[in-house]
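**Student:** The lines below spell out each chain.
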Amino acid sequence: MSNKRKFKDLFLQLITYGSAFFSLIILSLIIGYVMSRGFKLLNMDLITNNYKAINYIAEVDEAEDLCNCPADQDYPEGVFYSEKWGVALSDEVNLLGKIEVTVYDVHEDSPLRDMVNKGISEEPLSLGVNFAIVRIAYPDRPSSLSRYGSMQMILELNEATSIRELEFTTSGGGIRGSIITTFYLIGLTLVMALPIGIGSAMYLNEYAKNNGFTRFIRSMIETLTGVPSIIYGLMGLAIFVPIIVSLTDATGANLISGAMTLTVILLPVIIRTTEESLKVVPDDYRFASLALGASKTQTTFKVVLPNAIPGILTATLLAIGRIIGESAALVFAVGTVIKDEVSLTGQSTSLAVHIWSMMSDEPANIDLSTTIALIILVIVLSLNVIIKFLTRSYMKRYGVNQ
Amino acid sequence: MQQISYKKNKIAWMDVTVKQILRIFAYLSGSFIFIITGVILVKGLIPFVTNNNGIGRVPLVPFLTGDTWLIGDTFASNLYSVGFIIVQTIYVVFLSLFISFPVGVLTALFIAKIAPKKLAEGLRTVVEMLASIPSIIYGLFGAGVILKLVYDFSATLGYQSKGGSSVLSSVIILALMTIPTITTVSEVAIRSVDPQLTQASLALGASPTQTHFKVVLSAAKSGIFTSAILGVGRALGEATAISLVAGGRRAGLSFHLLDTTSTLTTTMLEGMKESAGIDYDIRFSVGIVLMIVILLTNFILNTIKKKVGHVHVK
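Line by line, the protein sequences give chains A and B. First residue of the first sequence: 1244, per the numbering used here; consecutive thereafter. First residue of the second sequence: 6, per the numbering used here; consecutive thereafter.
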């Protein structure tokens, strides 16, 4: 072989090897990025908290006495306790990455558990753990501000005998609402998509004659896979949203229309996966069942369908993965308003749309976004592994090689 | 006897009902594609045929050829032109194909022909995982990492880019997203090349590398081309990821790599707050344009595929 030939071969080999490991590099970059930035905020508070922090200005009830209660536990370093008011404060980094004076603990007899809202509504307010204190104003002295830190605030609290007003913020930055929305979407969509999808697959595979019209239906369903999800979103906005608006008290895009849109997106996936699993059920089973006197319906539902369960399970998992990752269609069909109180007829965001909504805002909240992305990534990748495992064991069962 | 025939009738009735119900489901699933096209066509034509609450009809020819997209109440104009957006979309998508196509095909070649079995299995899993990552996470990765890199790069060139939002960032993100599609489809094509062809080539004294590039790849040409078509399809329809890195260009065609850009999908995602009026309806018109662009591109690429020729693949 000539030297020139060798060089050329070597060069081609090198670029092939390079390209092959490019995918690996991208995957590790994406996972690495999401992990390194997302882990910081990942904790239980994130999952249980509301997204919106609500700001309250409260007045301490005049009738309440000062607490003067000694600490009932040993506080760690950095936490400061005021016996007079029965409250322990510390400096903490919140979910948005800012340092705040945070309530560490409130004593049972503390007057701060019993306050009056100075705003429009007259609801009683209570200081809770993890709330951030913005400002405490006194009738006769300068206010304590959160920027001087918790130690200074406790010192000033101890000197004061009464509080004129106390401004605090409930803990926010959580994704509870989006998690609930995502669960609703998964549930509603599966309830609609599975019967229609499995039914269609059963009709096409078990009942339909193999004629031109059946092939036409099948190719029309196949065509759906090529439609970009943003087009599905437009369809949801144009058909499903008006339908739901006219039937319920919804006023715009809502969860139900979103689930209906997702149903259409998932149909081709569910139909194809189910049909493939119906196909590998041996014909002998059908003949044996029919020969024993079972009707067609009994054969289909009691013999064929149970044997296709693993395939249907695969379809369901694929569907869940797709629902969790879907964003473009949901932006149109469910809206982009991040909500804490989720209702079926209102706008809200799934986890993926939550990311989009925050990222397209100014300034983008990248920290919280990567944390949500981490959650999505873990779910989607583990679903992927489970599907692979399921398919493999299923194929083995019927002795089909992939 | 009476009893049996009654039971038989009941079973027959049941069979027929179940069959009809399942048939309705199947026909419903098959009809959605028509519902989608129909609805978007009807909604998308509204801005062209009605008065749009006094703004006036959107003229069709400027819509398709102009280079200004004046959205919003402040302008209250009927100047909506997707002409430059169509060109920008195709430009971005084909540039991304320049990266993703060679990388994807060579990865497929490596997995199918070169790598040892275990490594191939591992890489295949990697590609599958990449394919299953939702597009919003690619978008986040783009906004968090690629934008900064592009911004620094443009700063070293002394070019002021809009925080890195540019043609280049969009191209990179689209390329990353289409690589898995191209790899998966090409790999199947490459694997199904008749081993006799490879053996013949090797027996004639060609080196393995020569065989891979000259025999295997050209034998799998048709399948590889299909992978490119699917990749372009995915890139054209991609929305949320690219909307985070494109920058949202409103006017003026620009092919500069560091200028902001707009694609048909990002244009549709803009102005999500409207729920009526022309800014709402015009999105459906853009939807029609997007569908036509996708169909035309598919058609043209398929024609080229036929022209390029079809080597027999087992």
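Rather than coming from a laboratory, the hints here were simulated on the basis of the structure. Virtual Cβ for every residue (Gly too), placed ideally from N, Cα, C. Check each hint, because a few of them may be wrong.
As the list claims (entries may be wrong) - Partner residues are not named here, just some residues of chain A that face chain B (Cβ under 10 Å, in silico):
| hint | residue |
| --- | --- |
| 1 | 1260 |
| 2 | 1265 |
| 3 | 1404 |
| 4 | 1623 |
Unchecked claim - Here are the simulated lysine-lysine pairs, BS3-like style, with alpha carbons at most 27 Å apart:
| hint | chain 1 | residue 1 | chain 2 | residue 2 |
| --- | --- | --- | --- | --- |
| 5 | B | 118 | A | 1631 |
| 6 | B | 13 | A | 1539 |
| 7 | A | 1249 | B | 122 |
| 8 | A | 1631 | B | 15 |
| 9 | A | 1545 | A | 1522 |
| 10 | B | 15 | A | 1545 |
| 11 | A | 1341 | A | 1283 |
| 12 | A | 1545 | B | 311 |
| 13 | A | 1545 | B | 12 |
| 14 | B | 310 | A | 1631 |
| 15 | A | 1249 | B | 219 |
| 16 | A | 1539 | B | 15 |
| 17 | A | 1639 | B | 123 |
| 18 | B | 12 | A | 1249 |
| 19 | A | 1341 | B | 153 |
| 20 | B | 310 | B | 219 |
| 21 | B | 122 | A | 1251 |
| 22 | A | 1639 | B | 122 |
| 23 | B | 118 | A | 1639 |
**Student:** All the hints need checking, so say for each whether the structure fits it.
**Tutor:** Hint check:
Interface restraint check for residue 1260 of chain A: the shortest CB-CB distance to chain B comes to about 7 Å, inside 10 Å, so the restraint holds. A hinted interface residue such as residue 1265 of chain A counts as satisfied when its beta carbon comes closer than 10 Å to some beta carbon of chain B; here the least separation is about 5 Å, so the hint holds. For residue 1404 of chain A, the interface hint is violated, the least distance from its beta-carbon to any beta-carbon of chain B being 50 Å, above 10 Å. Interface restraint check: residue 1623 of chain A against chain B, minimum CB-CB distance 6 Å, threshold 10 Å, status holds.
Annotation: proposed proximity of residue 118 of chain B to residue 1631 of chain A holds, straight-line Cα distance about 23 Å (limit 27 Å). Of the pairs offered as hints, the one joining residue 13 of chain B and residue 1539 of chain A holds, with about 12 Å between alpha carbons and a cut-off of 27 Å not exceeded. Taking the CA atoms of residue 1249 of chain A and residue 122 of chain B, the gap is about 26 Å. The hint holds against a cut of 27 Å. For the given pair, residue 1631 of chain A sits about 43 Å from residue 15 of chain B by alpha-carbon distance, which is inconsistent with the 27 Å threshold.
Distance check on the hinted pair: residue 1545 of chain A and residue 1522 of chain A sit about 16 Å apart at the alpha-carbon level, within 27 Å; holds. Using a Cα cut-off of 27 Å, the hinted pair residue 15 of chain B and residue 1545 of chain A holds, with the two alpha carbons roughly 18 Å apart. Proposed proximity of residue 1341 of chain A and residue 1283 of chain A is supported: the alpha carbons are some 13 Å apart, at most 27 Å. Only pairs whose Cα atoms come within 27 Å are accepted, and residue 1545 of chain A paired with residue 311 of chain B is rejected, the gap being roughly 47 Å.
Proximity of residue 1545 of chain A to residue 12 of chain B is assessed by CA-CA distance (about 19 Å); at most 27 Å being required, the pair is judged to hold. Restraint check for residue 310 of chain B and residue 1631 of chain A: the C-alpha separation of about 33 Å exceeds 27 Å, so the hint is violated. Restraint check for residue 1249 of chain A and residue 219 of chain B: the C-alpha separation of about 15 Å stays at or below 27 Å, so the hint holds. Annotation: proposed proximity of residue 1539 of chain A to residue 15 of chain B holds, straight-line Cα distance about 12 Å (limit 27 Å).
In summary, the hint linking residue 1639 of chain A to residue 123 of chain B is supported, as the alpha carbons are separated by about 20 Å, within the 27 Å threshold. A hinted pair counts as satisfied when its Cα atoms are at most 27 Å apart, and residue 12 of chain B with residue 1249 of chain A does not qualify at roughly 80 Å. Taking the CA atoms of residue 1341 of chain A and residue 153 of chain B, the gap is near 23 Å; set against the 27 Å cutoff, the hint holds. A hinted pair counts as satisfied when its Cα atoms are at most 27 Å apart, and residue 310 of chain B with residue 219 of chain B qualifies at roughly 18 Å.
Distance hint between residue 122 of chain B and residue 1251 of chain A is fulfilled; the C-alpha atoms sit about 26 Å from each other, no more than 27 Å. Between the alpha carbons of residue 1639 of chain A and residue 122 of chain B the distance comes to roughly 20 Å, so the proposed pair stays at or under 27 Å and holds. Restraint check: the Cα-Cα separation between residue 118 of chain B and residue 1639 of chain A comes to about 25 Å, which is no more than 27 Å; the hinted pair holds.
In summary, the structure is inconsistent with hints 3, 8, 12, 14, 18 from the numbered list given earlier, while agreeing with the others.
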